[in-house]
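Student: Sequence:
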Amino acid sequence: MTNNPNNKTNNSSSSRPATGGNANAARGGQNRGGQKGGAQGGARPQRRRPGINGGQRRRNRPAPQPVAPKELPAKITFYETLTVGELAKKLGREPSEIIKKLFLLGVMATINQELDKDAIELICSEYEVEVEEEIRIDKTDLETYFEDEEVVQDAGLVERPPVVTIMGHVDHGKTTLLDSIRNTKVTAGEAGGITQHIGAYQVNVNGKKITFLDTPGHAAFTTMRARGARVTDLTILVVAADDGVMPQTVEAINHAKAAEVPIIIAVNKMDKPSANPDRVMQELMEHGLVSEAWGGDTIFVPISALKGEGIEQLLEMILLVSEVGELKANPDRNAMGTVIEAQLDKGRGSVATLLVQNGTLKVGDPIVVGHAHGRVRAMVNDQRRRVKEAGPSTPVEITGLSDVPQAGDRFVVFNDEKSARQVAEAREMTAIQEQRGEGQRVTLDNLFDQLKQGDMKELNLIVKADVQGTVEAMAASLMKIEVEGVNVKIIHTGAGAITESDISLAAASNAIVIGFNVRPDTNAKRAAEAEGVDIRLHKIIYKVIEEIESAMQGLLDPEFEEKIIGSAEVRETFKVSKVGTIAGGYVTEGKLVRDAGVRVIRQGIVIFEGELSSLKRFKDDAKEVAKGYECGFTIDKFNDIQVEDVIEAFVMEEIKRK
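Under the UniProt record's numbering, the first residue of the sequence shown carries the number 1, and numbering increases by one thereafter.
Any given hint could turn out to be false.
Taking lysine-lysine pairs in the DSBU-like style, the calculated list, with each CA pair at most 35 Å apart, reads [what the hints assert, rightly or not]:
#1 591 x 563
#2 591 x 575
#3 328 x 209
#4 100 x 117
Don't read these hints as lab results, they were simulated from the structure.
Please model the complete structure; the sequences and the hints are all you need to start from.
Tutor: Here it is as structure tokens:
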């Protein structure tokens, strides 16, 4: 029994190092790892010194070499804007260097800030680098293909036939003239003398071709021009020698002038005993069409469409005017042009009459027409004969489109059907998005917002009244309206009801129709609703003038005028820490208003202009303090207020333009 304690002691003492080591190892494993615990039972490891390579210095460490800046480019390109970072990358410089240069030029900028064209050119001039702005073309906009052709060089251009439209008053002989030119009897088959067949045809004159658009009314100028298409090179205005200038004659003149198309006057019915060509020239002179015989530049040709007299001379004049106009096109490129007419045929599907304006259209060509696309499956000319191709100024009827386009839609031929389909689908999506947005037609209500988006400051008007005298009086009164920066342009006037033709012209010219003691007929109402044309009807002349004048004043940006509302004299000043200088004053004129602007006047000189930051009456905040009362106030960002300073309060008021 006596040995047990000794044995116990020996066992504990002999096993302690191992037990302690294991215990510490276990604890170390739970806490920071086994090394610490294990070290207690053995040698303590040497602690690593902080630094690279355990504190040992690298020997023969090479000194850092300065990085040579990249070579500057000779020219950079950009589209609309560049950020500072993007410009730095294009120039091969650090953004900080560009920011520093901008700072020295007085422009505070960050790396992500967008720079406009002027700033980009300014920086590049510092580095003597040329700058070029990119012009990106929207391939879905068919108009861009036509605009590109206008700037193409003369290479490949050849003379093309002129495209002519015949216009004039009812029964003055338009259809008879067309009949004489074509040498076909179509007049007898037309109800009421109104053109029923719509399309185009070509005639040969002395080895040269002339294309005539056979369209009813003014469709060649209105429907097509409303969609931005110009198809007519010149207009033949038919005026009866025994009847003179009539309302539709004036209408036709205004349509042609609005489209900026040359006019040739065909004085018809010269075979009648009552023919008076001098009267026609006199009346047309009042509308700016002066005969060459009277010192003007308008060609007058006397004809008799019924007897075929003067037709050859008229055709020669058409060729002469077209030669002066140097009408040219390139037949060796993809075709482009305009839709003259389109319809859905039960047997053939979508059928469109196209006028090729440039290039050559061929059977099998992938084509985009408005929002439709497809391949030209079949093509017939104006004589109903199948053809395989059609050159510039040639009218043809085609099939093979996915949908029915509208008159005035543009068409463009692409190199492959896939591209045509992609462009057509993108155009269709764009059209849907535009339809969901607000219409762009101008009205008196939205005129200011419409014109604010652009630089236009012009108001187009069509004026109709019950009698001609009232029309002239209204037109004269409207032209007398004087508002700085805004022009009134009366594009058409007439006596009688507002007609569908008036609405068509208004739609094409983005005009407003003014009616005095007249109403729109049923077709005009329907057309106005469809086209979004604004019609304003009045019975009192001054109301018309007042409404138009108010709308025109809204076209301009608001004009403001300063109005002095009061003044006060500083009698005491108090300097308060964290507040600044508080002035005690006495209102001598008008009133001081909390939100008004103020200027500090000392000995007659304005030394500061700003705003009140506080206004009190005794200890209470006040919105205003009237004449004869004392007040206390502080001025925002100005503490140098002195006794006897005069505080002048003012507001900016919008004034009506005169």
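Student: Evaluate each hint against the coordinates.
Tutor: Verification of the supplied hints:
1. Taken as a hint, the residue 591 and residue 563 pair is honoured in the structure, with Cα atoms around 12 Å apart against an allowance of 35 Å.
2. This hinted pair checks out: residue 591 and residue 575 have alpha carbons roughly 24 Å apart, not beyond 35 Å.
3. With a C-alpha separation of about 13 Å, the suggested pair residue 328 and residue 209 falls inside the 35 Å cut-off, and the hint holds.
4. Under the criterion of a C-alpha separation no larger than 35 Å, the hint pairing residue 100 with residue 117 is consistent with the structure, at around 18 Å.
Violated hints: none; the structure is consistent with every hint.
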